[in-house]
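Trainee: Protein sequence lines, in the order shown, are assigned to chains A and B. For what it's worth, this note's numbering labels the leading residue of the first sequence as 1019, then goes sequentially. For what it's worth, this note's numbering labels the leading residue of the second sequence as 1019, then goes sequentially.
Hints were generated in silico from the structure; no laboratory data involved. Note that the Cβ used here is the ideal one computed from N, Cα and C, for glycine as well. Any given hint could turn out to be false.
What the hints assert, rightly or not - Quick list of the computed label-pair ranges, beta carbon to beta carbon: (1) A:K1032 <-> B:A1283: 28 to 36 Å; (2) B:L1035 <-> A:E1206: 45 to 53 Å; (3) A:T1021 <-> B:D1075: 34 to 42 Å; (4) A:A1212 <-> B:R1175: 54 to 62 Å.
Unchecked claim - The list that follows gives simulated cross-link-like pairs (lysine to any residue, SDA-like), each with its CA atoms no further than 25 Å apart: (5) A:K1032 <-> B:R1262; (6) B:K1032 <-> A:G1182; (7) A:K1032 <-> B:G1336.
There are 2 protein chains.
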Amino acid sequence: MPTHAPTVADLNEKALLARIFPRLGAPKALLGPGDDAAIVAAPDGRTVISIDTLVQDADFRLSWPSGYRTSGFDVGWKCAAQNLSDINAMGAVATSLVVSLTLPGSTEVAWVEDLADGLAAAIHVLGASGCSVVGGDLGRGREVVVTAAVTGSLEGRAPVLRSGARPGDVVAVAGVLGRAAGGLAVLESSEDYASLHSDPSTENQVLLELAAAQCRPRPPLARGPEAAAAGATAMLDISDGLVRDAGRIAAASGVAVELDPAALARHAEPLQAAASRLGADALDWVLGGGEDHGLLAAFPAGTALPEGFERLGTVHDGAGVTVGGEAPRVAGWDHFAG
Amino acid sequence: MPTHAPTVADLNEKALLARIFPRLGAPKALLGPGDDAAIVAAPDGRTVISIDTLVQDADFRLSWPSGYRTSGFDVGWKCAAQNLSDINAMGAVATSLVVSLTLPGSTEVAWVEDLADGLAAAIHVLGASGCSVVGGDLGRGREVVVTAAVTGSLEGRAPVLRSGARPGDVVAVAGVLGRAAGGLAVLESSEDYASLHSDPSTENQVLLELAAAQCRPRPPLARGPEAAAAGATAMLDISDGLVRDAGRIAAASGVAVELDPAALARHAEPLQAAASRLGADALDWVLGGGEDHGLLAAFPAGTALPEGFERLGTVHDGAGVTVGGEAPRVAGWDHFAG
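Using the sequences and the accompanying hints, generate a full structural model.
Mentor: If you want it as structure tokens, here you go:
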């Protein structure tokens, strides 16, 4: 018997899977885990599919400058959340996740169990009630890499693409802006996470909430299908920053997107005290921060915006993104930019 | 401009994607790459789905003791092949792949382009004519990790699970046994790959073919749906070794599998000279080697075996796997076994 906390190197693949699957709940599928593949219902004859990966030290740190240690729960939650969000952004509802874990042998089994709990919790809390983990893969590597592919059902609706925005449309957002970016700043700062946690002042609470937004984002999963039903002409989830992702709608649709400074200021205002304490600017977080996985959508002028959506700007002839008629001051995130 | 060969650190994500997608051919999907998710047809209202990962230094080495350097083409081919095989093993035909690449910044762009070519070539050469790469994800990491999720269509058939084998059934195999294991032995050996390549003796040719079987396996993709149509009661693809995978059918079906020594010897015989040269035993390769991704299936007694299947044994009351009535001498591969 090992004298240290058990690690994945202490278990064979079958034993490790036996620790994981009971935590994921009953699979909601025609065939769940255990065979060469799973089988998921596709009632309208179409399956929406996407894939997304989290890599240690690129997408998250196991240990942050603030002293915060990323839990397996955080990684499982974030993996599920960002994948479910891609289905939401098509106006679809998620039907399954398949998850591949690449883990160093030194990873504690408890951390992996926690990851499974985080996957299951995100699916439950975010309201993806028709979705479950139906399969996976386990392997060894030098760093933690977690990949999930997600399927979804359009339930007979047309998908909402990035390319359908038309001049005159209203641009609206559902979900939060800039909070995950603020959380990244907290985790990367010289603030001591343990001290924040032990002193429940209001200001500290805000910082802790921002950190939680980075580690366990809450994409507004019900809003995508509702936006589709309300006639959204274009939609995506904001994963790389508002300006960058608005630019994607503009480019795909062949239009210009103008964002309203007053609306942006309303999103930045509650973050300003925290940003000042960290030497940052809240508007930069709102314009450039990704990973909140809010929805950015365009609706025909005069549409009653569905619940949860807030007007953020307008679509015009032209190209690119402007804020109050000016070029925005921040770009977004690129995995490979220098 | 960089003075070295361009690496992924020299390109942003969009520019790297622009190098990859043209090599993958036109997507065969209702919606291909470029939006938050793709949309794949599921004509019979069901989608088969699986996920599988290749990790540098765990599933392949970039540089082997024999001097062979794994190409991007090899990795792309193997990624596609092993994923397509999981769909085949259900009796389904593949309909799409989504691929996530985690790459060190130092990876040459040409290597990534070669990986895209390998994905496309495997899909084409292995005959997955209804399948294409419909989406993906790119990110940075310390080592190469390639994950694909694959979808498939059962075309109205029932899936062939691992659990349906019944006493009296015939066990049969389609595809090759032991060749990828032999190839692993070649690559890991002190043979000099360049010398093998420059001396076209018959014996060297065999070693080169084994290495190719390891780097670019050829699962028999047409055979899965044919086996399903012929009434296969159980089926899986041999990815972790014949004995281990036969044991999975035995366990899932609650039966014993007896493998015929004479049939196994016929698979080992053509490999024996190569095995002897490398100080190995060909029967070990046949019994314990995975990664050829042949199909192991059970059929009711008296079934005319479909083309490409060869009788390998029988199903009995009991548990476990025997060879000529004895316990087999090798087990198979476990990613986490010590």
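Trainee: With reference to the structure, classify each hint as holding or not holding.
Mentor: Hint check results:
1. A:K1032 <-> B:A1283: 28 to 36 Å: The hinted range 28 to 36 Å holds for A:K1032 and B:A1283, with Cβ atoms some 30 Å apart.
2. B:L1035 <-> A:E1206: 45 to 53 Å: violated (28 Å)
3. A:T1021 <-> B:D1075: 34 to 42 Å: Roughly 28 Å apart at Cβ, these two residues miss the hinted range, so it is violated.
4. A:A1212 <-> B:R1175: 54 to 62 Å: holds (57 Å)
5. A:K1032 <-> B:R1262: holds (12 Å)
6. B:K1032 <-> A:G1182: holds (21 Å)
7. A:K1032 <-> B:G1336: Holds. A:K1032 to B:G1336 sits at ~22 Å (cutoff 25 Å).
In summary, the structure is inconsistent with hints 2 and 3 from the numbered list given earlier, while agreeing with the others.
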